[in-house]
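All chains should be built: construct the whole structure from the sequences, respecting the hints.
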Amino acid sequence: MRAFPRRAAVIGSPIGQSLSPAIHRAAFAELGIECTFDAIEVPPGSLPDFVATMRRGEIDATSVTMPHKETIAGLVDEPSEDARALGAVNCVWWDGRILHGAITDGEGCCDALESVGGAVLPGASVLLLGAGGTARAIALSLARRGATVHVENRTVERAHGLVDAVRSHPGHLPGQVLVGGIDGADVVVNATSVGMNTVETLCERSRIARGSVVLDAVYTPLQTRLLSEAASAGARCVDGLWMLIHQARRQEMLWFGRAGSADSMREESLRTLASRPK
98 MRAFPRRAAV
108 IGSPIGQSLS
118 PAIHRAAFAE
128 LGIECTFDAI
138 EVPPGSLPDF
148 VATMRRGEID
158 ATSVTMPHKE
168 TIAGLVDEPS
178 EDARALGAVN
188 CVWWDGRILH
198 GAITDGEGCC
208 DALESVGGAV
218 LPGASVLLLG
228 AGGTARAIAL
238 SLARRGATVH
248 VENRTVERAH
258 GLVDAVRSHP
268 GHLPGQVLVG
278 GIDGADVVVN
288 ATSVGMNTVE
298 TLCERSRIAR
308 GSVVLDAVYT
318 PLQTRLLSEA
328 ASAGARCVDG
338 LWMLIHQARR
348 QEMLWFGRAG
358 SADSMREESL
368 RTLASRPK
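Counted the way my numbering counts, the sequence shown spans residues 98 to 375.
I should point out that these hints are in silico values taken from the structure, not numbers from a laboratory. Since the structure is predicted, the reported quantities are computational estimates derived from the model, not experimental observations. Treat the hints with care, as some may be off.
Said to hold, decoys possible - Label-pair distances were calculated between CB atoms; the ranges are:
{"no.": "1", "residue 1": "D280", "residue 2": "P374", "range": "39 to 49 Å"}
{"no.": "2", "residue 1": "A100", "residue 2": "G308", "range": "44 to 54 Å"}
{"no.": "3", "residue 1": "R302", "residue 2": "R152", "range": "49 to 59 Å"}
{"no.": "4", "residue 1": "H266", "residue 2": "V296", "range": "30 to 40 Å"}
{"no.": "5", "residue 1": "S329", "residue 2": "R194", "range": "49 to 59 Å"}
{"no.": "6", "residue 1": "A149", "residue 2": "P111", "range": "17 to 27 Å"}
We put the beta carbon where it would ideally sit given N, CA and C, even for glycine.
If you want it as structure tokens, here you go:
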């Protein structure tokens with residue numbers, strides 16, 4: 098019988114402002130799961146040492162954030178198909194014998210688009226802003242759900258690299274991923290850090306169609322300029338906290354086979370944000 102995690106953590110650098118402890122602890126309390134969840138600062142050079150603590154069984158499950166997603170992909174024993182194709186991992190667990198790795202950003206984004214934004218992804222046109230690790234995961238999941246993804250990035254070479262990574266996936270992808278942005282897409286996703294604590298945006302209001310769904314992966318602030326522009330254009334908006342919560346729920350499904358409700362996780366996250374110094 099599989100032993101479920103009892104000690105979990107999120108690792109990264111810096112990690113002090115992570116909302117993952119609040120999100121997962123809320124879920125554990127709701128589900129009656131006896132598992133601790135801590136935020137652990139792991140500088141880049143210390144990642145192999147941390148992985149060794151997991152192999153000793155000192156920590157059973159880990160959520161991985163920047164700057165470790167790509168490096169840790171080469172340190173797990175059994176990466177998922179998605180993780181192998183994308184070269185990135187944000188979810189790790191130890192089963193007592195094998196260190197597993199997966200990437201949940203893309204599926205979490207799609208879950209948020211559908212459940213919060215009401216997006217219909219099969220056959221949808223999607224403008225994806227960015228070509229980094231998060232964008233790659235999102236593009237793969239969107240293509241899996243049958244969307245046509247148009248990747249817009251300042252560096253065209255990186256956009257081509259994203260397309261190549263997605264096409265290397267061995268699974269069936271009913272959608273497609275193309276290089277080059279479009280206006281008036283059914284769905285717009287910002288997978289860059291543009292807008293984080295700034296008033297910048299990569300997509301002006303004139304490019305956003307009324308009735309479309311717009312998701313910004315940035316969640317500081319929750320109401321970014323992109324989402325403000327989208328709301329004024331008549332689009333349905335999904336903030337980055339919803340994506341963070343839904344990718345966390347995907348992690349819990351991998352760890353425990355069940356997940357907390359998105360609403361309870363969001364409530365605790367907002368309470369944590371409100372308690373922080375302005």
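(message) Quick check: does the Cβ-Cβ distance between S329 and R194 fall within 49 to 59 Å?
(response) Holds: the Cβ-Cβ distance is about 54 Å, inside 49 to 59 Å.
Note whether the CB distance of D280 and P374 lies within 39 to 49 Å or breaks it.
holds (40 Å)
Should the hint that H266 and V296 are 30 to 40 Å apart at their CB atoms be regarded as holding?
-> Distance hint for H266, V296 holds at roughly 36 Å.
Quick check: does the Cβ-Cβ distance between A100 and G308 fall within 44 to 54 Å?
Given range 44 to 54 Å: holds, Cβ gap about 48 Å.
Note whether the CB distance of A149 and P111 lies within 17 to 27 Å or breaks it.
holds (22 Å)
Check the following: the C-beta atoms of R302 and R152 are separated by a distance inside 49 to 59 Å.
holds (50 Å)
Violated hints: none; the structure is consistent with every hint.
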